[in-house]
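Enquirer: One letter stands for each residue in the lines below.
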Amino acid sequence: MRSRTAQILLVALGVVVLASFLPLWVTGYVLGLLTMAYYFGVFAMAWDLLFGFAGEVNFGPTFLIGTGAYTAGILDNLYQPPIWICVAAGTLAAVAGGVVLALPALRVRGPYFGLTTLVAVLILQNFIVVDAHLTGGENGLTVPDVISISDTINYQIALWFMAISGAILFALARSPVGLILQASGQDAVQAGALGFNVTKHKLMAFIISAFFSGLAGALLVFYVGSASASSLVDITVGVQIIIAAVLGGRRTILGGAFGAIFIIAMSEALRPIGDLSNFVVYAMALVVVLLFPSGFYGLLMRTRDDI
Amino acid sequence: MAAAASLEVSGLTKRFGGLVAVKDMAFGVEAGKILGLIGPNGSGKSTVMKLIMGIERPDAGSVRIGGVEVAGWPSHKIARMGAGIVFQHSRPLHRQTVLENIKLALLPDKLTRLFTDPETDARARVIAGRVGLSAVLDRRPATLPFADLRKIEIAKAIARDPKVLLIDEPFAGLTSTETAAFSDLICELRDDGRAVLLVDHNVKSVARLVDRVLAMYVGERIAEGTTDEVMRDETVRRVYLGGSIETAARPESSFRDVATPFLEVDNLSVYYGKAQALEKVSIHVHAGEFVSVVGLNGAGKTTLFNAISGFLPYTGNIRREGSALRGQSAAAIARNGIVQCPEGRDLFVDMTVRENLDMGGQHLPHAESAEQIGGLFELFPILRERQKQNAGTLSGGEQQMLTIARALMMKPKLLILDEPTLGLAPVILEQLSKALERLRQTTPITVLLGEQNVTFALPHADRVYVLEHARIVWEGEPARFATEMGTGYL
Chain A
0 MRSRTAQILL
10 VALGVVVLAS
20 FLPLWVTGYV
30 LGLLTMAYYF
40 GVFAMAWDLL
50 FGFAGEVNFG
60 PTFLIGTGAY
70 TAGILDNLYQ
80 PPIWICVAAG
90 TLAAVAGGVV
100 LALPALRVRG
110 PYFGLTTLVA
120 VLILQNFIVV
130 DAHLTGGENG
140 LTVPDVISIS
150 DTINYQIALW
160 FMAISGAILF
170 ALARSPVGLI
180 LQASGQDAVQ
190 AGALGFNVTK
200 HKLMAFIISA
210 FFSGLAGALL
220 VFYVGSASAS
230 SLVDITVGVQ
240 IIIAAVLGGR
250 RTILGGAFGA
260 IFIIAMSEAL
270 RPIGDLSNFV
280 VYAMALVVVL
290 LFPSGFYGLL
300 MRTRDDI
Chain B
0 MAAAASLEVS
10 GLTKRFGGLV
20 AVKDMAFGVE
30 AGKILGLIGP
40 NGSGKSTVMK
50 LIMGIERPDA
60 GSVRIGGVEV
70 AGWPSHKIAR
80 MGAGIVFQHS
90 RPLHRQTVLE
100 NIKLALLPDK
110 LTRLFTDPET
120 DARARVIAGR
130 VGLSAVLDRR
140 PATLPFADLR
150 KIEIAKAIAR
160 DPKVLLIDEP
170 FAGLTSTETA
180 AFSDLICELR
190 DDGRAVLLVD
200 HNVKSVARLV
210 DRVLAMYVGE
220 RIAEGTTDEV
230 MRDETVRRVY
240 LGGSIETAAR
250 PESSFRDVAT
260 PFLEVDNLSV
270 YYGKAQALEK
280 VSIHVHAGEF
290 VSVVGLNGAG
300 KTTLFNAISG
310 FLPYTGNIRR
320 EGSALRGQSA
330 AAIARNGIVQ
340 CPEGRDLFVD
350 MTVRENLDMG
360 GQHLPHAESA
370 EQIGGLFELF
380 PILRERQKQN
390 AGTLSGGEQQ
400 MLTIARALMM
410 KPKLLILDEP
420 TLGLAPVILE
430 QLSKALERLR
440 QTTPITVLLG
450 EQNVTFALPH
460 ADRVYVLEHA
470 RIVWEGEPAR
480 FATEMGTGYL
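First to last, the sequence lines map onto chains A and B. Mapped onto numbering that gives the first Met the number 0, the consecutive letters of the first sequence carry residue numbers 0 to 306. Mapped onto numbering that gives the first Met the number 0, the consecutive letters of the second sequence carry residue numbers 0 to 489.
These are computed hints drawn from the structure, not numbers from a lab. One or more hints might be untrue.
Here are the computed lysine-lysine pairs in the PhoX-like style, where the Cα-Cα straight-line distance is at most 20 Å [to be verified]:
| no. | chain 1 | residue 1 | chain 2 | residue 2 |
| --- | --- | --- | --- | --- |
| 1 | B | Lys-109 | B | Lys-76 |
| 2 | B | Lys-203 | B | Lys-32 |
| 3 | B | Lys-162 | B | Lys-32 |
| 4 | B | Lys-76 | B | Lys-203 |
| 5 | A | Lys-199 | B | Lys-76 |
| 6 | B | Lys-109 | A | Lys-199 |
What you are looking at is a predicted structure, and each value in this text was computed from that prediction instead of being measured.
Produce the entire structure from the sequences given, and follow the hints as far as they go.
Expert: Written as structure tokens, this is what we have:
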């Protein structure tokens, strides 16, 4: 099993290294799309840690992302500290927000956890609109600084950020702690009877998920140079992240990255058909979820298992 | 006073709403001893176990493990105090191998453990060897037989080296050979110096193992002592012992549809993948007749019923009043009057008893539905009392009555009962038995009953089929059953 984990990581590393040479061939426009896709990949992978392993459906990934992004952006607007301080502050805020959300939410059972997280998104969205002098309201928040104006640099940062986040999340999921988390997610009663503090483990998963979501959200602000509720916080964004993770493969972590890239690539490929493109992407997601609930990654692994 | 017992319980009480599930329970189990906690379904024995383990919080009372008061603690802390539990139903991690499932139980409750140490691996292998799983260490649980899944549960429980081990229905679903092996294992665990609590339905199943037995009934202790003492106890006998078998079959020629029976199953075969679940099974049931299909677990009873209800593809023919049922949807078959009470009961647990019945009577005009419910309350008086209670809070026996009552709300022509007595105590069995007899005598209903329990299946049957390993091996009147087929069943 250990060697299998190493094998998968090695293949993934190969793919990432290949991807790092893409700037030599493709246009800046394509690089820009991929850069976005990589950040979304991190969102989806962080979400899968909660859904796939802790067994909790978090409908509010964008609450964590938005908290990270807006904290970083607002801080930059107000005091212009170095970007890394803004990003660190955003990440911390997302983790804090995650704890505040998860502590009460983990006490309720079943669908109520999901509902709580959904409401959190609405509250954040509302806050952004109401506190317009800080957040820019519906017009969005523009930050004075960006990490770089070079497409290639931004692309490499996003790529390696996704690669490192993915490796950490993947290794974590396959570690003993990941095993306990999975047991807690599947049968909390039994995990408790085996001496595991289920709440502690799930809270930790939430914190880790919040960490990567917030960090990715904050970095994304300094890549795009702006943040808006409709692109980072809205429920539809959350749903897209969820679709990416499920499409890629539940309980696989790395699948989320596939899923995110696939969705963004499909939307782009289908751009000529206009508004219909979203419809087609969602329909494809529906078909995959219905026919192959284990997602792309699951399909890939199943054929290997059969041999 | 003797040395403190490993597990001491006193004054333990638990209420669910108005229902007192456990009332003032007290007992102790010493290290190296086995206590059997027995009681019919709904007696509260599973709740006692959950209270000890912290899965449910007691309303009052004390639970001491190795002298430390743990009542009200969360489950993981109680586990760390040295209590372990073997659940009746196993839910292993399916993506992980057997070995990894055992390793899970060996992990400390820490967030910092990112790598497995080799020692954990070695210990997991030793434990697997001890329970007899060495040959299947690298298999996934889904590919294993039931007995091996139980072994995984045991392995996980002993991995934590518990001082107190709670085992829920240790032998449920195991063959006699597997039961013997399992018994040996439990004895070994006792000889390690653990205190073991075995929870089961009747004394017989645990008699060979236990040092003492405690019998419960509706939440209270009714007897405690050695196996013999408890078996001789007046109250226990009254709660447990049903009447002797009397049969009252009506001859087949007395039914009007002798030429074309109401239901004809002809050369029925069913496959699950490569496994043949039914092999050329032919049975028939006349209108108004009570027919029992007797067979052990896995014989194919449920498969037969599911094929009749239209849930499964099959070869052969199933005819109702001469015309084939094939091609009709399960819903249409049920609507037209062939209604099955599944083994799993499938009640709407969050709805009240009354709402469950109303659901069954959806298609009836209001007045007729109310009249039908009235009739059913006479058949099962306890349901009238429990009308406003959620179905999930009923005891197993009451749930079974509700399941049958709900099926009867659909005014079936043929009622299929799949193992209605599964897990029920004789006292409840007797109530069910009376209800069936009343149905037989006062209504024109036809019943097809699948049972392992011969004492329940025979008295009501006009005819009996015996199903063994996917085939019908015997057919006849219940009176002939005892002499021709009795050994192994009675």
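Enquirer: If a hint holds in the structure, say so; if it does not, say that too.
Expert: Hints versus structure:
1. Lys-109(B) - Lys-76(B): Satisfied, since the Cα-Cα distance of roughly 13 Å is no more than 20 Å.
2. Lys-203(B) - Lys-32(B): Measuring from Cα to Cα gives roughly 18 Å; hence the hint holds.
3. Lys-162(B) - Lys-32(B): Given that 20 Å is the threshold and the Cα spacing comes to 11 Å, the pair holds.
4. Lys-76(B) - Lys-203(B): violated (34 Å)
5. Lys-199(A) - Lys-76(B): holds (13 Å)
6. Lys-109(B) - Lys-199(A): Since the Cα atoms of Lys-109(B) and Lys-199(A) sit roughly 9 Å apart, the hinted pair holds (cutoff 20 Å).
Going through the hint list in order, the structure does not satisfy hint 4, though it satisfies all others.
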